[in-house]
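Residue numbers (the working numbering), protein chains in the order written: chain B, 1 to 314; chain A, 1 to 254.
I should point out that these hints are in silico values taken from the structure, not numbers from a laboratory.
All figures in this text were calculated on a predicted structure; none of them were measured in a lab.
Treat the hints with care, since some could be wrong.
[Unchecked claim] In silico SDA-like pairs for lysine to any residue, Cα to Cα no more than 25 Å straight-line:
| hint | chain 1 | residue 1 | chain 2 | residue 2 |
| --- | --- | --- | --- | --- |
| 1 | B | 80 | B | 20 |
| 2 | B | 20 | A | 146 |
| 3 | B | 113 | A | 247 |
| 4 | B | 219 | B | 182 |
| 5 | A | 127 | A | 99 |
| 6 | B | 20 | A | 4 |
| 7 | B | 76 | A | 94 |
| 8 | B | 272 | B | 230 |
| 9 | A | 85 | B | 14 |
| 10 | B | 80 | A | 12 |
[Stated by the list, open to error] Derived coverage of chain B by chain A (criterion: at least 3 residues anywhere in the stretch with Cβ under 8 Å from a Cβ of chain A; other residues may be distant):
| hint | segment |
| --- | --- |
| 11 | 53-62 |
| 12 | 212-225 |
| 13 | 269-275 |
Think of the CB as a built atom: it goes at the ideal place given N, C-alpha and C, for glycine as much as any other residue.
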Amino acid sequence: MPEPILEIENLSKIYAGGFKALDCVNLTINKGEIFALLGPNGAGKTTLIGAVCGLVRPTSGTIRAFGDDLAQGWRKARRKIGLVPQEIGVDMFDTVERQIAYSRGMFGSAPDKGRIEEVLRSLSLWDKRGEQVRTLSGGMKRRVLIAKALSHDPELLFLDEPTAGVDVELRRDMWRQIDILREQGVTIILTTHYIEEAEEMADRVGVIDKGRILLIDEKDAMMGRLGRTEASFTLAEPIFELPPGISSQTVGIQDGGRTITYRGGDGTGKGKQEVAELARKLIEAGIIFTALDQKESSLEDIFVGLVERSEAAA
Amino acid sequence: MINWRSALAIYKNELARFRRTMFGSVVGPVLTTSLYFIVFGAAIGGRMASIGGVNYGAFIVPGLLMLTLLSESTSNASFGIYMPKFTGAIYELLSAPVGVAETLLGFVGAAATKSLILASIILLTAKLFVNYEIAHPILALGYIILVAASFSLLGFILGIWADGFEKLQMIPLLVLTPLTFLGGTFYSITMLAEPWRSVALVNPIVYLVNGLRWTFYGQSDVNIWVSFGLTMTFLITCVTCIAVIFRTGWRLRT
Chain B
1 MPEPILEIEN
11 LSKIYAGGFK
21 ALDCVNLTIN
31 KGEIFALLGP
41 NGAGKTTLIG
51 AVCGLVRPTS
61 GTIRAFGDDL
71 AQGWRKARRK
81 IGLVPQEIGV
91 DMFDTVERQI
101 AYSRGMFGSA
111 PDKGRIEEVL
121 RSLSLWDKRG
131 EQVRTLSGGM
141 KRRVLIAKAL
151 SHDPELLFLD
161 EPTAGVDVEL
171 RRDMWRQIDI
181 LREQGVTIIL
191 TTHYIEEAEE
201 MADRVGVIDK
211 GRILLIDEKD
221 AMMGRLGRTE
231 ASFTLAEPIF
241 ELPPGISSQT
251 VGIQDGGRTI
261 TYRGGDGTGK
271 GKQEVAELAR
281 KLIEAGIIFT
291 ALDQKESSLE
301 DIFVGLVERS
311 EAAA
Chain A
1 MINWRSALAI
11 YKNELARFRR
21 TMFGSVVGPV
31 LTTSLYFIVF
41 GAAIGGRMAS
51 IGGVNYGAFI
61 VPGLLMLTLL
71 SESTSNASFG
81 IYMPKFTGAI
91 YELLSAPVGV
101 AETLLGFVGA
111 AATKSLILAS
121 IILLTAKLFV
131 NYEIAHPILA
141 LGYIILVAAS
151 FSLLGFILGI
161 WADGFEKLQM
171 IPLLVLTPLT
181 FLGGTFYSIT
191 MLAEPWRSVA
201 LVNPIVYLVN
211 GLRWTFYGQS
221 DVNIWVSFGL
231 TMTFLITCVT
241 CIAVIFRTGW
251 RLRT
């Protein structure tokens, strides 16, 4: 039975100018999961994180973390929450190690040099511990932010675009770090523009647009439900009708009869089997094809589709 | 329940920032005040008549000390909270389990500590140029702490209010320094003719300077209970303002 660690009910945020950043958001995050919140720019991802972490004052709604209503029990809850913000905001003239120790102390944890060393080593920052933050590269500065957020051993960690602007190697490093945190039982909520990141790591995915949650589901279930297989057969000779036994619901003729297309399946591999079956039937019918392109829809395709439908409906 | 570890972490972090800028933070105010002592105390002071039986050079010590306390406390505290706002590091403070008490103990406590360190250095420096004794040293220390804390609170409010470096300097430069110069730092307001004497009494800094001068020499142009009462009222008003700022999130939370 999943144990809720964060429960958000009817959360809305309307800024002074009247902009509705969050519109009756309901979301439950379970202990130990990695939840990816996807959405286009300005969708409300950062506002949602800000509302939970105390940076944004919600207009209405309730947020409960670790069973406590944050309006009252924020002190207790915030000790267990870590935040890696999107923007790099840190005292650039301080040293890396001192900044991490400062964060640990500010969140009410006792000084622990051993733990600070552990965090710094895990993020490959140990060698840089005595350097001023301003001397580090952009990617290393981002690691400092992660180290600061981990310094007090949070049980719930928010990563707001953690890999924005970092190179591929560093991104992979961070994914490994997130994997380690998952193994340690840390619950992680991440927002990202790299859908590959969500696909790689998330247990569940939520899609938000214009302050509204469009969909929340297990990643695999979402891929299964909304995923599709697309295939196109380039024919040696054009045909004008499908051979008998081939379903016109999933298969069509395009490009003046020179291409047979397939769009079907459910993201669980069923589509691939159907494409193989279609290929066999075409050969049996004596139809020669010279090329076959096949593509499984990604989480990105699903995300883009959802957002486009949402915008069309608005 | 105060989260003492958080308060201590902020306090130590602010002092660490002070240490990084130690040279400029200490040398600037000490040099400026030393120049005052050299010009008004040693050079001109010898030719000035004593005021209320106190040698002129010694007479200006409490006023100059107050000038440093007011400007340093205000600017230290305002920079302390403004810099995280400017760099974006404020997110950490807002997301941490810290409230008004921890924030004030950390930021204001550190700013007041820096002012007290500077005040001590300036008092020692003054000894090089003028001869003075402190009649009520415990009361003087208590009053200095009270003023440093009060104006650090004011600085904290200014730091939250400011949305640019210009605003940070505005109040210390355009309000506090002129009021301190006109607040009896270099003269006794009893030396002023009417109506300027009555006008001077509207200046709140007159009460601060005279309060401190009383602890030094046992004499004051105004009732010292009024000085103490005003300072306490100012401190309580600032704490109340900051509590309201934290409750409403003004200029801190969106």
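Evaluated hints:
In summary, the hint linking residue 80 of chain B to residue 20 of chain B is not supported, as the alpha carbons are separated by about 29 Å, beyond the 25 Å threshold. With a C-alpha separation of about 45 Å, the suggested pairing of residue 20 of chain B with residue 146 of chain A is violated against the 25 Å cut-off. Note on residue 113 of chain B and residue 247 of chain A: the hinted pairing is violated, with a Cα-Cα distance of about 35 Å set against a maximum of 25 Å. Straight-line distance between C-alpha atoms of residue 219 of chain B and residue 182 of chain B comes to about 16 Å, which keeps the hinted pair within the 25 Å bound.
With a CA separation close to 42 Å, the supplied pair residue 127 of chain A and residue 99 of chain A exceeds the 25 Å bound. A C-alpha spacing of about 38 Å is found between residue 20 of chain B and residue 4 of chain A, which places the hinted pair above 25 Å, so the restraint is violated. With a C-alpha separation of about 14 Å, the suggested pair residue 76 of chain B and residue 94 of chain A falls inside the 25 Å cut-off, and the hint holds. For the proposed pair residue 272 of chain B and residue 230 of chain B, the alpha carbon gap of about 9 Å is at most 25 Å, so the pair holds.
A C-alpha spacing of about 22 Å is found between residue 85 of chain A and residue 14 of chain B, which places the hinted pair at or below 25 Å, so the restraint holds. Between residue 80 of chain B and residue 12 of chain A the CA atoms are separated by roughly 22 Å; this keeps the pair inside 25 Å, and the hint holds. Counting residues of the segment 53-62 of chain B whose beta carbon lies closer than 8 Å to any beta carbon of chain A gives 5, which meets the minimum of three for the stated coverage. Check result for the segment 212-225 of chain B against chain A: violated, 0 residues qualifying (beta carbon to beta carbon below 8 Å, three or more required).
Chain A is given as covering the segment 269-275 of chain B, and this is violated because 0 residues of the stretch bring a CB closer than 8 Å to a CB of that chain, at least three being needed.
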